[in-house]
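These two chains come separately, so use the hints to put the complex back together.
Residue numbers (full-length UniProt numbering), protein chains in the order written: chain A, 1 to 603; chain B, 1 to 175.
Rather than coming from a laboratory, the hints here were simulated on the basis of the structure.
Do not take every clue at face value.
Claimed, not checked - DSS-like, lysine-lysine: derived pairs with alpha carbons at most 27 Å apart:
#1 Lys158/A with Lys173/B
#2 Lys173/B with Lys48/A
#3 Lys195/A with Lys184/A
#4 Lys76/A with Lys150/B
#5 Lys173/B with Lys120/B
#6 Lys173/B with Lys195/A
#7 Lys55/B with Lys79/A
#8 Lys55/B with Lys80/A
#9 Lys173/B with Lys132/A
#10 Lys120/B with Lys98/B
#11 Lys45/A with Lys173/B
Keep in mind that this is a model prediction, so the values were computed, not measured.
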Amino acid sequence: MCVPRSWRRAGAPWLLMLQLLLPSPGAPELYCSLPSPRNVHFESKNLKNLLHWSPPEGLGEGVLYNVKYLIYGIGKWIKKSECKNISRTWCDLSSETHNHEDQYYAKVKVFSGGNCSNWTETARFNPLTDTKIDPPMVTVSSTERSISIVLTAPEKWKRTLEERSVSLHQVYSGLQYNVSVFNKKTKKRWVFSIKNNTLVVPRLESNIVYCVSVQTYVTTPLLLSEFSEEHCIATLKDPTVEQTVTIVFGYILPIILTAFIVSMAGYCVHRYIHVSKQKHPPNLVLQYTNKFDETVFMPSEKIVVNFITLNIVDEYKTSQETTNLIHRTSHNCSSIHDESSVDEPLTRALEVNCLADTSEDVKILPDSVRYRNCSPRCQHGFRYALGQKNEGAVEYALDVRPAELFPVQKVQECGSTEKSSEPRELLDEPQITLRDLADSKIGQSYCPQLDVQVTDVCLVQELKELNWMEKAATPEVLLGEPQSDLVNVDTEKIEQSYHPQLRTITQSPQEQTGTMGVEEEDEQTILVDWDPHTGKLFIPTLSSFEHDTHEEVLEHEACDQPADEGLLSKLYERQVSVEPSEDQEPYLLQFKEQWGLHVKMED
Amino acid sequence: MKGTCFFCLLSTVLLICLKPTTSLRRLHLGQCVISVNIHEIRHSFRAIKDMTQSKDEHTDIRLLHQSYSLQDTEPMDRCCFLRHLLRFYLTTVFSHCKVSSSPIIRKVSRIANTFLSIKKDLRLCHQVSMCHCREDVKHKYGLIMSQYEKMDVHSAGLKALGELDILLDWMDKAD
Numbered sequence: 001m002c003v004p005r006s007w008r009r010a011g012a013p014w015l016l017m018l019q020l021l022l023p024s025p026g027a028p029e030l031y032c033s034l035p036s037p038r039n040v041h042f043e044s045k046n047l048k049n050l051l052h053w054s055p056p057e058g059l060g061e062g063v064l065y066n067v068k069y070l071i072y073g074i075g076k077w078i079k080k081s082e083c084k085n086i087s088r089t090w091c092d093l094s095s096e097t098h099n100h101e102d103q104y105y106a107k108v109k110v111f112s113g114g115n116c117s118n119w120t121e122t123a124r125f126n127p128l129t130d131t132k133i134d135p136p137m138v139t140v141s142s143t144e145r146s147i148s149i150v151l152t153a154p155e156k157w158k159r160t161l162e163e164r165s166v167s168l169h170q171v172y173s174g175l176q177y178n179v180s181v182f183n184k185k186t187k188k189r190w191v192f193s194i195k196n197n198t199l200v201v202p203r204l205e206s207n208i209v210y211c212v213s214v215q216t217y218v219t220t221p222l223l224l225s226e227f228s229e230e231h232c233i234a235t236l237k238d239p240t241v242e243q244t245v246t247i248v249f250g251y252i253l254p255i256i257l258t259a260f261i262v263s264m265a266g267y268c269v270h271r272y273i274h275v276s277k278q279k280h281p282p283n284l285v286l287q288y289t290n291k292f293d294e295t296v297f298m299p300s301e302k303i304v305v306n307f308i309t310l311n312i313v314d315e316y317k318t319s320q321e322t323t324n325l326i327h328r329t330s331h332n333c334s335s336i337h338d339e340s341s342v343d344e345p346l347t348r349a350l351e352v353n354c355l356a357d358t359s360e361d362v363k364i365l366p367d368s369v370r371y372r373n374c375s376p377r378c379q380h381g382f383r384y385a386l387g388q389k390n391e392g393a394v395e396y397a398l399d400v401r402p403a404e405l406f407p408v409q410k411v412q413e414c415g416s417t418e419k420s421s422e423p424r425e426l427l428d429e430p431q432i433t434l435r436d437l438a439d440s441k442i443g444q445s446y447c448p449q450l451d452v453q454v455t456d457v458c459l460v461q462e463l464k465e466l467n468w469m470e471k472a473a474t475p476e477v478l479l480g481e482p483q484s485d486l487v488n489v490d491t492e493k494i495e496q497s498y499h500p501q502l503r504t505i506t507q508s509p510q511e512q513t514g515t516m517g518v519e520e521e522d523e524q525t526i527l528v529d530w531d532p533h534t535g536k537l538f539i540p541t542l543s544s545f546e547h548d549t550h551e552e553v554l555e556h557e558a559c560d561q562p563a564d565e566g567l568l569s570k571l572y573e574r575q576v577s578v579e580p581s582e583d584q585e586p587y588l589l590q591f592k593e594q595w596g597l598h599v600k601m602e603d
Numbered sequence: 001m002k003g004t005c006f007f008c009l010l011s012t013v014l015l016i017c018l019k020p021t022t023s024l025r026r027l028h029l030g031q032c033v034i035s036v037n038i039h040e041i042r043h044s045f046r047a048i049k050d051m052t053q054s055k056d057e058h059t060d061i062r063l064l065h066q067s068y069s070l071q072d073t074e075p076m077d078r079c080c081f082l083r084h085l086l087r088f089y090l091t092t093v094f095s096h097c098k099v100s101s102s103p104i105i106r107k108v109s110r111i112a113n114t115f116l117s118i119k120k121d122l123r124l125c126h127q128v129s130m131c132h133c134r135e136d137v138k139h140k141y142g143l144i145m146s147q148y149e150k151m152d153v154h155s156a157g158l159k160a161l162g163e164l165d166i167l168l169d170w171m172d173k174a175d
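Okay, chain B solo, but in the shape it has when bound (with noise of 0.2 Å):
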């Protein structure tokens, strides 16, 4: 029995530690290529979506806005598009971010760290020149900004965490 137990332990370590890496997912962002760990970053979100959407009250300011999407940008602005992107996220929103609650910081650390390692990826893109920003991408960001701007800095983060799985869905179809 201990034996058995002992056998479902170290399978369900295995299938944790094996989980991430099999999830994996490349993202080609015209010539850069990166690897993102999209179902992690899902999993964390699904743990304070309900929390920041139900408190999102400007149900009329969408930040990422279908037009702005990924996936409708060019395949060579997607790069500098994206790294503006989780700059934004991991400066503005996440710095301003004052949670009570212990476990939402958690996921929302977690996620900030995925932001993190793949920010760091596209900016080695960046450094050999496969990210390049051209004024579209920096219009993009601008109206991003702007939308953002207009609400108090508390809401507009707490949007902001709402729609990171319209961050995700555009990461997704950006393949």
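Just chain A, same shape as in the assembly (with noise of 0.2 Å):
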């Protein structure tokens, strides 16, 4: 201890004297007996000081107390006025103590019913050093990637409302910060230790919730303040981020489908026009032969023609051959010509399948074909087939009705085609059916073999093969039998530029029908004869045809036979067991109405 003892134990009696020479208000303390307030006290706050203090022991309520404080260094106690006769256990000396450089000194005492207590004296205190300070004021606000966090220290106590503020920070020059900032999502802490009063958190994630607490931090004189309230904010959202869905999925996305779409579609247009093997329809082939110089039009497909051939005769004109051919055995004159040719490109079949006599207007037969010799009586169908390795066959059919051509006074359906309508329809009204009548018309440009089958169901069957050579469209007659005046090639009508092998066959004529033939008459005198009973049409003449076109006819002429299996003799079968006589009487009596037709039974 270095107070001297001594001293002390000097100064008791020497107080004790000086209170018995001077008889004052204080006398009755003198005889106070109440025990003393205890733990006398200042609490401060930011510099405002209060002094508390606790009851005495044993007293309760009603006592009452006196506050004195003394300033360090003056020496003299200073009563507080608001503070006398309190009943309060506290005192706010704050206005006393407002000089934080000086230090200072309370005492307290308590009066209860007349008796009071001694002084109870607090330590000096020091405000500097004795007060506690609260954490900053702290505002903080968000950026996408930085929080920024305002502090204001703590104001020293006013006296006043209209004193003015005193920071902390002008008292305690060593004021600092501790910035706790947690992050909320990580569950990181950082702690910042700062002077000023504004801080700046950079590089922080963005959309993340942190929490800023605040504390105050004095070094000299240490002082520590709680940390203060969380402040939890949000960085915002990255705009950037959003401008980057936004862009993307917004606009680059749509985009790139759209043109992957687009340049898909493209392409698929364009494999199908380019790329892809694409054929071009079999019939619309163009293929170039050195014959012609020149891209010709070769259909590929099988080409059925079908001809169905009137021929008008003249009664006046032909009495006389129409009787001679009346009392001969009707008969169907096919021809049947095969005609097959390595060298050329297309294998061509014409059938006639069903022969009737031609009239004029049916130009579409071939010119050159000349039915010579062919029985009279014939039906001629000529069924042009037009294949190309079996592919698929395209039939033409034309119908041309004489009643528009010319006054037909007889008129008989010969024939029918496999696929044709039935005889029936056909007998009613007489047509001219063509199959492939463009091909036929074009046919100058062909360098066709042509298969013609000329299916004849008269007696006398004639297979003739001509071979046309080149320019020289002599008939050959393979198998010329002595009536083989049949085949009269006009090979003056043929063009050069064909190349037909002709072929003509004549298989076992048993009748001699050539004789009968109309040579090289007028189309228009043409006889027919028809067999009631069997419903045939008995053609005397074949038509000759005489065709400004240059087509390229084959003639053939086949008579029936039982070995030529052509359509036609089919044809004549169904003919007959379909159409019995009785049925045909309308028929006939139709076209004796409507055709003028006559009909001159046989003997």
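Quick look at the structure:
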């Protein structure tokens, strides 16, 4: 102990003598017997200094307190008038202790029922070191990547509201802040120690909640405040991210998808147009042949042309011949001409399924075909079977009504093709059925091989084969019979460009029909022989085809022959079976009425 | 568990070792700049504060009066004024303090050593003529000594020890 004890011992009697010598109003205090208040101390917060104490032991309510304070260095106790005879256990001495560079004492005494207690004195109070400071005011704002913290230091207590605010920064030069930034997501905490009032925490994640709490920190004297309440704030959403997302998903991706779809569509179209093995329709293939020095159209499919030729006979002109023809047995004349050539690119078959006398108007029939020596009662059916490689067949049909053409006297539908309509219909309305008419008409540009099959049901069946050589169209009769007058080919009318091989096969001629042929007579003078019993129409003369066109036409005549399994034979049988004579009566009448048909019955 | 304890102990030791270095305070006394570990002095003083101040019965006397404060002194005079104050404490107060409690003796000794180091720095400043002592400083110092001499050596010494915090506050605000 630095204080000399001897001095202290000497002081006590001196004070006692002083109190005895000086009678004062405080004289009753000499007899104070109440216990003193306890734990008298200053409680300071931001230099607001309050005096607190505890009631003395054994005394409850009803006691009053008096408070005095003393400024160190002055040595004079000053009564605190606001804290005289108070019942509360605290006294505000902030105003009295406002100068924080001074140091203070305070003391409290108890009064109760005229009795009192001794003074209880505090320790020396140094506001600067004994006060407690509050955390600062915290203001937090955030951006996308950072949060900025603005701190306001606590202020020194003011005696009046008008008094100028004094920040604790001015009181404590070493005032600092400990800023705690807590990342709610990662549970990480950073602590910054700053001296100024602002802090910007950079390089943060966007759209993350951060909680900030700040502690005021004074180095000397060492003062630490509590941490402030957490101020949580979320960093803003990064607009660049949103813009990026918007641009990517709103613009780039649709554009890419659209471009992709368009390019895929374009690629598909391109592939469909250019890349894929696209075949022309076989019938549209143009092929080039050296023989014509031009590109010609060669339909590839099998073309079937049906001809129904009508022979219009003038009565007056053919009376005698008709008579001659009538007494002959009815027959159909079919010419079958099969012609195949290795040289030619196309294989064509001309089948004459039904022969009728061709009228003049039917110019589709080849001009060069001469039906000579054929049975005048042949039914001529031409069927052009133009096929290549047995591919699909296209059939063309043309109905030519004789009524529109000529006043036909006798019309006989002599045959039908495989696919033709029923003979009834053919009889009813004499038709000229053309299959592949167009093909026939443009035949001049062909180099076909024509297989002309003329199936004739007549007794005389001839097969002739004509071999037409280049530019020498002289028909060569391979199986020439003595009667083979049947073929007379007008070679003059055959184009030089044609190189058909024409074969006319005459098979076992039973009767000679060629004698009855009408040779190159007037086309309109044709006799028709009609057999009502059999429903057959006998055409006395084959049509002589006179055409201006240069169609290649082959002449074929082949009478009925068992070996000749042409279609006409079948058709002929069908006619017999299907159409009995009774059923054909109306048709005959119809022919008579409408067509002026004269029927001469055979004797 | 042992590893954890060892780690905690090591951390504590490191903190203690680092604490004085981190609490160094630079004082700008005019042109003289020194580093003072005020925190350590305060820490030591807190241990002897209650004892010294409670036994100071001369509450009417304040040696380090506010009007003499360091911060109110001219900056160029602060070095000289602080140097005189430290010399006063070291030569007069600490040497005449008769303390029976050994813990308090240790605290007073620590404070004395710190003062000694500060005084050495100030002496260096004085040698390079950065610590001029003018009449004002001498006058203030004379006033303080006159107050001190009013009392007997023991109570004056006790009062001077109790007013160490005032000196520390001055030093804090002198920056």
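Discussion item. With the threshold set at 27 Å, check whether the alpha-carbon distance from Lys55/B to Lys79/A stays at or below it.
Written reply: Since the Cα atoms of Lys55/B and Lys79/A sit roughly 23 Å apart, the hinted pair holds (cutoff 27 Å).
Worksheet item: Between Lys76/A and Lys150/B, does the CA-CA distance stay at or below 27 Å?
Response: holds (18 Å)
Discussion item. Check the hint pairing Lys45/A with Lys173/B against an upper bound of 27 Å on the C-alpha distance.
Written reply: holds (20 Å)
Item to complete: Take a quick look at whether Lys173/B and Lys48/A sit within 27 Å of each other, Cα to Cα.
Response: With Cα atoms ~20 Å apart, Lys173/B and Lys48/A stay inside 27 Å; holds.
Fill in: Satisfaction of hint between Lys98/B and Lys120/B, Cα-Cα up to 27 Å
Satisfied, since the Cα-Cα distance of roughly 25 Å is no more than 27 Å.
Discussion item. Checking one constraint from the list: CA of Lys173/B to CA of Lys195/A, max 27 Å. Satisfied?
Written reply: Judged against 27 Å, a Cα distance of about 16 Å means the pair holds.
Worksheet entry | Holds or violated: Lys173/B to Lys132/A, with C-alpha atoms at most 27 Å apart | It holds: about 18 Å lies between the C-alpha atoms, which stays within 27 Å.
Worksheet item: Is the hinted pair Lys55/B and Lys80/A satisfied, with a Cα-Cα distance of at most 27 Å?
Response: holds (24 Å)
Worksheet item: Are Lys195/A and Lys184/A close enough, with their CA atoms no more than 27 Å apart?
Response: Judged against 27 Å, a Cα distance of about 26 Å means the pair holds.
Practice prompt. Given the hint that Lys173/B pairs with Lys120/B, test it: the Cα-Cα distance must not exceed 27 Å.
Written response: With a Cα-Cα distance of about 21 Å, the restraint between Lys173/B and Lys120/B holds, given a limit of 27 Å.
Worksheet item: Is it true that the CA of Lys158/A sits at most 27 Å from the CA of Lys173/B?
Response: Roughly 21 Å between the alpha carbons, so the hint for Lys158/A and Lys173/B holds.
When the structure is compared with the earlier hints, no violation turns up for any of them.
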